[in-house]
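Protein sequence lines correspond, in order, to chains E and Z. Residues 1 to 611, numbered by my numbering, are exactly what the first sequence covers, in order. Residues 612 to 688, numbered by my numbering, are exactly what the second sequence covers, in order.
Think of the hints as simulated: they come from the structure by calculation, not from any bench.
Only pairs whose alpha carbons sit at most 25 Å apart, straight line, appear in this in silico PhoX-like list of lysine-lysine:
hint, chain 1, residue 1, chain 2, residue 2
1, Z, 623, E, 284
2, E, 533, E, 44
3, E, 232, Z, 651
4, E, 284, E, 232
5, E, 231, Z, 624
6, E, 70, E, 222
7, E, 222, Z, 657
8, Z, 651, E, 231
9, Z, 624, E, 280
10, E, 573, Z, 613
11, Z, 674, E, 573
12, Z, 657, E, 231
13, Z, 676, E, 573
14, Z, 624, Z, 676
15, Z, 623, E, 228
16, E, 132, E, 7
17, Z, 624, E, 284
18, E, 232, Z, 624
19, Z, 657, E, 228
20, Z, 651, Z, 623
21, E, 231, Z, 623
22, Z, 623, E, 232
23, E, 280, Z, 623
24, E, 44, E, 196
25, Z, 657, E, 232
26, E, 228, Z, 624
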Amino acid sequence: MYGWMGKILRVNLSNGEINEEALDPQVARDFVGGRGLAIYYMLKEVDPNCDSLGNENKLIMTAGPLTGTKAPTGGRYMVTTKSPLTGAITCSNSGGNFPAELKKSGFDAIIVEGRAAEPVYLWINDGKAELKPAGHLWGKDTHETDDAIRAETDNKAKTAVIGPAGEKLVLFASIMNDRDRAAGRAGVGAVMGAKKLKGVAVRGTQKVSMANEERFNEMNQKYRGRFKEVKKAGPYPLTTHGTAITVVATQTHGVFPTRNFQTGQFDEWEAIYGEALTEKYLVKAKPCFSCPIACGRVTKVPDGPYQGQGEGPEYETVYSLGSDVGVGDLAALTKANYLCNELGLDTISMGSTIACAMELYENGHLSESDIGFPLEWGDGEALVKLIRQTGMREGFGDILAEGSLRMATRYGHPEFAMVSKGLDLPGYDPRGTQGLGLNYATSPIGASHMRGDLPYCELLGVPVKIDGLTWADKPPIVVKWQNVFSLIDAAGLCVFFSIRYLCDPTLEIRPEGIMNLLNAATGADYALDELEKIGDRILNAERLFLLRAGFDRRQDSLPERFTSTPMPDGPAKGVVCHLDEMLEQYYQIRGWSQDGLPTEEKLKDLGLAGM
Amino acid sequence: MKVHVDLYVNLKKYAPAGDSSFEIELESGATVKSVLTVLKIPVDEKAILLINGRNADESSPLKEKDSITLYSPISGG
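From just these sequences and the hints, can you work out the full model?
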């Protein structure tokens, strides 16, 4: 095969068996890879009603056909499993160098089954895989684990590991690869911890074969050239300041979530946004594999109580550990980010859960004696302390470790949990980004901005700027964007480059560039319509898993704060998210019933009937 | 009439006196285009334009005390 390595590695931790399987060429064609290949295996092999932390659940790591190639941003992979936080399907995407190394080690995917009796890690060295004892690594943070595994195997190996949070089954634990890149969302790290799998290390020197190398290089240059043209005109904001520059857009639109989404503007935003980070703590920009943008931030807080070094914060973290908890101290926020990376915690859910606790405290539903200390908005010291406690499941951290919805329910006020399908919202208030509100509610994994990232057009002006406050025009855009984003995640590319340079510059975002790169790499000769349909297929396959896990239209929802309480101030003042009105049209366009079920016809058309 | 202007990201360089948050005086009937012209912001900058935090375009009319936000497209978040 070209583009694909043609091999799947299946690892059964219960009996220690490791087997290689051939990748079925038809499955590869129909689901591409990454997120697509993963949902194919999840639907086929995992009972949607299984215990997420039990032996029956599987953890699937998948690269795409463009992962590990010279394609711009061809360095992404997906971690897919049933989420312990939400009970829904989850797939979390990450970059860095691990995904490309996985591919070069000879595999398109790793399927991890069962549960080891004692902690182990998986070592894959150019096609040869073995399980190695990890009892001595249990308890170590993600950086220490990365150091130790590379020292034991190969210093050039790339790792994806869990920290104490994953071991202790914190329900929003992440899997950290290359030390500071996160497959963060919905508790993939807790599933790895439940399986007693401390990490995966890969080393590979194989080449991803190209069906038409000349054409691939030509297309690669063409799309990189588009980026270079834009960059020539002036400093590229993502390169210069990282994703935290996005605060400019959210703050000025009044959708920068502040104090658990009570409002959309944060008075201290200029102290924590991208330019402040560049000025105060940036050491250097850091790219993922084959990425010309380099939005990653290597940073250092040189002195003071929050001294430290590491990577981040990026935009979502500036929201979750900054404005959402009222913290305007960039040093505290950055330190909080470092701790999340080291302990292996999703920064979005961590911040959102602490914000929820702060609001419960503000309203007298949580007391100082519950927490052990006061918990006021903006308290950076408390933020850092609670993150440590959560990662170790100590003190009040043991309750935070269950996530915002379980915690808020425990204290009698689930309405303070800012979640959809149990997953905490990213950093955009859906009252001022109506399309994103629909996207949060219908994303198969729960509130994710990366399953059809409407802030691009509603806030950032890519590919064009539209009004975030209107709702009647959004359902067709959301459907198209969700489908194309599924394809990007299947191909092994990064959204940041793909949307702007590999799709046509209209709201249709027809993925012609992705098609050209995929065809040159794989020789599959995909048509544009076929690729768009594959995106639709992936989304619907995920929907099937979700429905079988017991979800229905009722969970295509948002907290009442967004649908019933108008934004109190700022540019979006007086506005609520018109979710119900948008949902009706969304289901129609998707070919789903008004109960949110894909019709038989729709499933047949997508080749999913009988799956 | 007087309007307030905030320039962000790559557009800061068009601030007339260095400060990227400032007021300018315009004739009545002015539009967002008038602001771009006064500040000598070229058309190919493709600025994101907001009036009082709401979506606007070059032809959007301005009134006394409006707050105009201009920034360059950002891809990522």
